[in-house]
Amino acid sequence: MSIVILDLFSDFAKGINFNQPVTDATNIGLSLVGNPTVLIIAIVLIAATIFLFFFLKKIITNSILGGIIWFVSIYIFHVQLPLVPSFVISVLFGPAGIGAMLLLKFFGLLV
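Per my numbering, the very first residue in the sequence shown carries number 1288; after that it's consecutive.
It is possible that part of the hints are untrue.
What follows is a set of in silico ranges between Cβ atoms, one per label pair, in the way DEER data are often shown [as the list claims (entries may be wrong)]: (1) Leu1397 x Ile1355: 19 to 27 angstroms; (2) Thr1348 x Leu1397: 21 to 29 angstroms; (3) Val1325 x Val1371: 46 to 54 angstroms; (4) Phe1394 x Val1331: 45 to 53 angstroms; (5) Ile1363 x Asn1322: 54 to 62 angstroms; (6) Ile1333 x Pro1369: 42 to 50 angstroms; (7) Thr1336 x Val1398: 40 to 48 angstroms; (8) Ala1383 x Thr1324: 39 to 47 angstroms.
No wet-lab data here; the hints were simulated from the structure.
Think of the CB as a built atom: it goes at the ideal place given N, C-alpha and C, for glycine as much as any other residue.
Work out the full structure: start from the sequences and follow the hints.
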């Protein structure tokens, strides 16, 4: 078993000079030091992440509230809404989506 593993490793390592120092990877890393473009990109990425975190947090909260209101209106108050479309709209648009569905149902525009 160990001979097979050593044989596979020797096939994998053909053409590699283990005595030569690796300089290519370190040169790539050194070229980023002191580069103002990298600084700008890093600041933009950090700002975008913070913005998306706060924005998505509101979207997720809105979707959860919409799902809860949908569940309450369908299964507790037994409102006759189309099951899948009303759920998708309530999760996408939150309480406003389920409110719009209830208004459409009230005015007879939703079958």
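- Do the beta carbons of Val1325 and Val1371 sit within 46 to 54 angstroms of each other? 47 angstroms, holds
- Task: Hint says 21 to 29 angstroms; check whether the CB-CB distance for Thr1348 and Leu1397 agrees.
- Result: Between Thr1348 and Leu1397, where Cβ atoms are some 26 angstroms apart, the hint holds.
- Message: Between the beta carbons of Leu1397 and Ile1355, is the distance compatible with 19 to 27 angstroms?
- Response: Taking Cβ atoms as reference, Leu1397 and Ile1355 lie about 21 angstroms apart, which means the hint holds.
- Regarding Phe1394 and Val1331, is the given constraint of 45 to 53 angstroms on their beta-carbon distance met? Between Phe1394 and Val1331, where Cβ atoms are some 47 angstroms apart, the hint holds.
- Message: 54 to 62 angstroms was suggested as the range; check whether the CB atoms of Ile1363 and Asn1322 agree with it.
- Response: 59 angstroms, holds
- Item | C-beta pair Ala1383, Thr1324: status relative to the range 39 to 47 angstroms that was hinted | 42 angstroms, holds
- Query: Range hint 42 to 50 angstroms: satisfied by the CB atoms of Ile1333 and Pro1369?
  - Reply: Between Ile1333 and Pro1369, where Cβ atoms are some 43 angstroms apart, the hint holds.
- Query: Do the Cβ positions of Thr1336 and Val1398 conform to the proposed distance bound of 40 to 48 angstroms?
  - Reply: Holds, since Thr1336 and Val1398 (Cβ atoms, about 44 angstroms apart) stay within the stated range.
Checked against the numbered hints above, the structure violates none of them.
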